[in-house]
Amino acid sequence: MRRSNQRPTWRSGAAWIALVLTACAPAAGASTVPGQPGSGLTASSSGVCQAIGSLPDAAAAERAFINVAHQALHGLAADNRLDRPMSARVLETMQRVEADFSGATDEPSLGLDLAALQAAADAALRAIGEEVPACTQ
Amino acid sequence: MHAVSGVLRRRLRGGIAAAALVVLASSSCAAPVASPLPTSSITGNAIVAEVASYQLVANQPRRLLVALLTADNRWVSFGSVAVSFAFLGDAVGSPSPGVVAATRAPGAVMGDSIARFLAIPGSPEGIGRGPTLTYPADGRGVYAVESITFPRAGYWGVVAHGKLADASPFNADAAFAVLAEPSVLTVGALAPHTDNPVIGDPGVAPVSIDSRAAGGAPIPDAALHATSIADALDAGHPALVVFSTPVYCVSRFCGPVTDLVAELAATYGDRADFIHVEIYQDFEAGKVNQAAIDWLTPASGDIREPWTFLIGADGRIAASWDTVVTRGEIEPLLQALPLK
Chain A
1 MRRSNQRPTW RSGAAWIALV LTACAPAAGA STVPGQPGSG LTASSSGVCQ AIGSLPDAAA
61 AERAFINVAH QALHGLAADN RLDRPMSARV LETMQRVEAD FSGATDEPSL GLDLAALQAA
121 ADAALRAIGE EVPACTQ
Chain B
1 MHAVSGVLRR RLRGGIAAAA LVVLASSSCA APVASPLPTS SITGNAIVAE VASYQLVANQ
61 PRRLLVALLT ADNRWVSFGS VAVSFAFLGD AVGSPSPGVV AATRAPGAVM GDSIARFLAI
121 PGSPEGIGRG PTLTYPADGR GVYAVESITF PRAGYWGVVA HGKLADASPF NADAAFAVLA
181 EPSVLTVGAL APHTDNPVIG DPGVAPVSID SRAAGGAPIP DAALHATSIA DALDAGHPAL
241 VVFSTPVYCV SRFCGPVTDL VAELAATYGD RADFIHVEIY QDFEAGKVNQ AAIDWLTPAS
301 GDIREPWTFL IGADGRIAAS WDTVVTRGEI EPLLQALPLK
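Residue numbers (our numbering), protein chains in the order written: chain A, 1 to 137; chain B, 1 to 340.
Hints should not be assumed to be uniformly reliable.
Sample of chain A residues facing chain B (criterion: CB under 7 Å; computed from the structure) [to be verified]:
(1) G53
(2) S54
(3) I66
(4) Q71
(5) H74
(6) A78
(7) R84
(8) A88
(9) R89
(10) L91
(11) E92
(12) Q95
Think of the hints as simulated: they come from the structure by calculation, not from any bench. Ideal placement from N, C-alpha and C gives every residue a C-beta, glycine not left out.
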């Protein structure tokens, strides 16, 4: 079957995952332990903040990113309240950070890329009316 | 095969009904969800089950994947778990599994199976370890029943249960749909003669060949973007084809699976062609590459990724994997191929 102008309902599965997990998560704004999961969509920002605070220890930063931010970032990008360009910014900046961690990039760009990711996550959180956690890193 | 007890079926239905309530309470999930229909509920020590398989078809043996997660973003990883299945109902015309649960339809019951852990490529495999709650950096993966055949289409329930490393018991249930007919190409089907864009094609944006090539970045994994599916078919070459969008992936598995295919290409490039097909031509515009439409678009229009296909030299699909696929599943098939 060929369809020429299809837009896949790409958000449904992720929305489900995000729904189930956020529905069961502690209240937004709950404190997080460094390197361990945060809560709901706000963990997308707080997790990246933890990763930034772990630098220059890249291994610790990666642990904070994977354990705290990664799933929340996917949930944020898949949120139905977010428009596609803003979803794209979150996913694109996240991919650059992942490439940094995997050593796929030659430049020491991790700090800059984490900062860009946090800016994208914060903008997305604001766009959907979620609290943007403070980051003092 | 053992019969599933009435208690088990009542638990499944109760959990599914609870999941349905969550659906009804959430406007973001108000739209009908295409099958397979992932649902979850919280039981015991708050482990959530999600069926990760994209396509299960009645009377066709297929791999079934179940992810076990907790609300605080931990995964149950390693070892194996027991899984039990029960038929929940046909739900013809039903928009949600909650309706199915309410029908209390009797039907086929399947007994216990064992599901073993499949690590997401690049994640620890935990060889020799039993089921353990892990943070994502320490273990991520799904539990797989390697081949299971559901005798009828409709909504089914699964309960996964076992003991964690600290001996605490756990169980988690989920509902999922088994289709009457496949919506994505299955083993034995002729591979579509798809002319997916490759490096050097004029007028093609690099990002539509690989979403990682945004912002002027070079197209990565050049070996995966040198040959089209049509080229491989015309040459009579076997081909391993991964449909994924490493940047815009919903499932979170696209990057690791694409990396795995790139690794295999480096080793087995003399036995098969290796091809990555990017899902999106333009993500922001919601425009999907025609190649992905040719291969992955079910009647519902709901494309899920990643999918990995092995095409034989005869041009037919020899194997396919949805969601997670591991080196251990693909490599023996590549090793069995003759040199090109």
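>> Does the closest beta carbon of chain B sit nearer than 7 Å to the beta carbon of R89 of chain A?
In response: This hint is violated: R89 of chain A lies away from chain B, its Cβ roughly 10 Å from the closest one there, beyond 7 Å.
>> Can you verify the interface hint for Q95 of chain A: is its Cβ closer than 7 Å to any Cβ in chain B?
In response: holds, 4 Å
> Against chain B, with CB atoms and a cut of 7 Å, does the hint on R84 of chain A hold up?
Replying inline: OK, holds: R84 of chain A within 7 Å of chain B, min 5 Å.
> Close enough to count: is the Cβ of Q71 of chain A nearer than 7 Å to one in chain B?
Replying inline: Holds - the Cβ of Q71 of chain A comes within 7 Å of chain B, reaching about 5 Å at its closest.
>> Is the interface hint satisfied for I66 of chain A? The criterion is a beta-carbon contact with chain B at less than 7 Å.
In response: holds, 4 Å
> Against chain B, with CB atoms and a cut of 7 Å, does the hint on E92 of chain A hold up?
Replying inline: Cβ of E92 of chain A sits 6 Å from chain B, so the hint holds.
> Would the hint on H74 of chain A stand, with a C-beta cut-off of 7 Å toward chain B?
Replying inline: holds, 6 Å
> Would the stated hint for S54 of chain A survive a check requiring a Cβ distance to chain B of less than 7 Å?
Replying inline: violated, 12 Å
> With a cut-off of 7 Å, does the beta carbon of A78 of chain A approach a beta carbon of chain B closely enough for the hint to hold?
Replying inline: holds, 6 Å
>> Would the hint on A88 of chain A be counted as holding, given a Cβ-Cβ threshold of 7 Å to chain B?
In response: This hint holds: A88 of chain A lies near chain B, its Cβ roughly 5 Å from the closest one there, short of 7 Å.
> Can G53 of chain A be said to touch chain B, with a Cβ gap under 7 Å?
Replying inline: violated, 16 Å
> When the nearest CB of chain B is found for L91 of chain A, is that gap smaller than 7 Å?
Replying inline: OK, holds: L91 of chain A within 7 Å of chain B, min 5 Å.
Violation of the numbered hints given earlier is confined to hints 1, 2 and 9; the remaining hints are satisfied by the structure.
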